[in-house]
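Chains as they are written, first to last, in my numbering: chain A, 1 to 336; chain B, 1 to 235.
By construction, these hints were calculated from the structure, which means they are not laboratory data.
Cross-link-like lysine to any residue pairs, in silico, SDA-like; alpha carbons within 20 angstroms at most:
(1) K106/A with P72/A
(2) K191/A with L232/A
(3) K106/A with R22/A
(4) K106/A with D44/B
(5) K191/A with D248/A
(6) K106/A with Q55/B
(7) K106/A with F47/B
(8) K106/A with R53/B
(9) K106/A with I5/A
(10) K106/A with E325/A
(11) K106/A with E327/A
(12) K106/A with L27/A
(13) K106/A with E56/B
(14) K106/A with D76/A
(15) K191/A with R276/A
(16) K106/A with H62/A
(17) K106/A with P41/B
(18) K106/A with D74/A
(19) K106/A with F45/B
(20) K106/A with A86/B
(21) K106/A with W52/B
(22) K106/A with R318/A
(23) K191/A with R279/A
(24) K106/A with G87/B
(25) K106/A with A48/B
(26) K106/A with G51/B
(27) K106/A with P323/A
(28) K106/A with W324/A
(29) K106/A with G37/B
(30) K191/A with R277/A
Each pair of labels, with its calculated beta carbon distance range:
(31) D44/B with R201/A: 51 to 61 angstroms
(32) R288/A with G87/B: 49 to 59 angstroms
(33) A48/B with E259/A: 53 to 63 angstroms
(34) R201/B with S105/A: 25 to 35 angstroms
(35) W52/B with E259/A: 58 to 68 angstroms
(36) W52/B with E124/A: 42 to 52 angstroms
(37) G132/B with V299/A: 44 to 54 angstroms
Just so it is clear, CB atoms sit at the ideal spot from N, CA and C, and this is done for glycine as well.
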Amino acid sequence: MSDPIVLGVETSCDETGVAVVRGDEVLSNVLSSQVEAHARFGGVVPEVAARAHVEAIRALTHRALARAGVHPMDLDAVAATRGPGLAGALMVGFSYGKTLAWAMSKPFLGIDHMEGHLFAPRLEGPGYRPPAVVLLASGGHSQIVHMPDWGVYEVMGSTIDDAAGEAFDKLARFLGMGFPGGPAIDRASEKGDPQAVRFPRALADRPFDLSFSGLKTAVTTFVRTHHRAGTLPPISDLAASLQEAIVDALVEKTLNAVEATGATTLGGGGGVLANRRLRARLSEEAERRGLSLHLPSPVLCLDNGAMVACAGVFRYRRGERTPWEAEVDSSLRLGS
Amino acid sequence: MRYVAIETATGATSIALGDGREMVAAAARTDRRGHVGFLVPALDFCFAQAGWRPQEIDVVAVDVGPGLFAGIRAGLATAQALAGAAGVPLAPVCSLDAVAFRAATGHRRIWAVVDARRREVAVAPYRPVPGGVVRDGPVELVGINGFRGLLEDDPSQKLVVGDWAALPEGELTGIHGVRTGGPRHPTASAVMEVARGLAERGAFPHPDEVRPFYLRDPDVTINWSDFRQEGPWPG
Ligand SMILES: [Zn+2]
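Looking at chain B on its own, in the form it has when it is part of the complex:
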């Protein structure tokens, strides 16, 4: 199986080509912006490195969030087009799953964190199992103090991975049994490996069901200060 994985949910963007386990080509950069300009040149570079043609791939795996909305949409639109052109399935991967998958821990419960901006983080807990991790709680969007509460309520030994540096300094100190570790960001190679699990279960959704995982409703604040809600006429 030939996998293409696309990761754009955080400031660390990457592309990976591989067989589901080993990468044969990869490209990465760190910037919150510029996903649109990076993705196709990165694909072009990786395909040239791997000696693949787009028609020869089997799966396109893509991080659908939570994370940066604009990045996620650029990545998903790119994945949709590539999968469509190649006639292959799309495998949606949660950014937190990709972060937790790479966490190196023997026994600690893993809390994966992705920065959701506006002083909020997306978090989810995972249990390490042979060959990977299993999510054992909901994906949640929490304020910074809310995350502290979640950790304090969790009696286990904990490893916080992902973008914990987005939290204010000292936010994790004094909580029982907490340690911080890597990785800091989801990567395309982790996205590829998580997608392999989906592929092995034959669990690809219909491509129209692959949608960004926002966790937050769109802001709607319109300033119509000089206009009233209703006109002077009924109805």
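So that you can see chain A by itself, here it is in the shape it has in the complex:
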């Protein structure tokens, strides 16, 4: 049987993504980022996001099909993110994808956004396979997931307060570095000394969970105190140090999960996985431990339609179909 061709639609947060995937091969992957629209407000505004999706979705879908050279009737299925995410934003892509599938008499698949991230490394080449531990970190979510088999997920750890990307955003804003914070801190850290300031790390008593509120307090207290005393270190050192604290926490908890499960494959997804320091640290650790590491390129780490289509291919092959009366689920939990 030839590989199924699936259209994937993603509108859970602030990126409108549409892609065409055949099996594990990306035929097209187009994205309309709203970063500029939200930068004015220093964060993602749900109503702004929903408005932007409905303006972009039609043209992006046409572009994705044209770039893939695929006629809509050649699609085997349409997949769209069902949740988790911003309800108003999800409704746009989910309604669009579902109606498109219905109008063309194709199967429809509502996809868990997190499952999309878990599937994204497949699109980068062979070798990514369960049992795996995957670190998912973005502005909206931070989880460490054990995947003993495709489609089987055990959420081992998650953040008890801010998501990792949210911590980057808030700290960057505090430091006057703009939105989104992750890339700004990544750039500012380039020439900085990550050991300049020792900020607090992980939760000691919870091996897989993350928390960033302590770090947030430590950084703001540190900056205020030293600003007053006129002893503030260069911003590059400060950025590198706080980035190191976030990266350390993510790496440590992920490796704890690898050890606990005995997984031999390590994956990643979400916008924070585009952070260069995090990628470097994960590859060092993977090499040291002989793990097969699969970090998607930054475009596939961000929210995108290709990951949704890829999970759609998997669900389609299993014969699954999402009923026409399905609703979005903004608080969908992996594996439920």
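Chain A is already provided as a structure; the job is to place chain B with the ligand on it using the hints.
Same frame as chain A, now just chain B with the ligand:
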């Protein structure tokens, strides 16, 4: 011409299939939520009733508001996908036009009302003409007292239609020449008939120009209480 009309701008959601005048199939429900789950099953039901296939339609008409933002977007996304799959134009219809179109009046000036929530209503005035209505003033978002002012400033005999029940009780009493009437909500069948006017004038916009009619900017209130606007470093 085969029309599909989609109405999701208020708590009364409906789908209609027809020739621009007469309906051949329809589905409706009343709920402020759940548009996403209703629309495709309703289309599926209506197309089966009518014996149509999606590829056989000529126009998709859709209510673009003002009204419930989430409903409007779900309806528009659905309309975009259906029109795209069928390769046919999208006809955007204003919710107030659809309400006024169905108002039964001989001579009274019509004020159509759609609930915009947060103690505001979207309103517009219409003049009845043979075969329909003509909007003869701006579409406005007004506070409840603002609407009273508009009505008091209008010397004509008036018929208030639409969601006037969203107004506080007694809000329309004591105003000269005001009567209330139906319909209470826009319907897909009215959306279809209003769209027929667009079709006859050949006035379909490019589909990327069909956007929700919000009348209100997005709220932006972010609580950054523990974070300052600017960092300690310049620029
Ligand atoms: Zn994501």
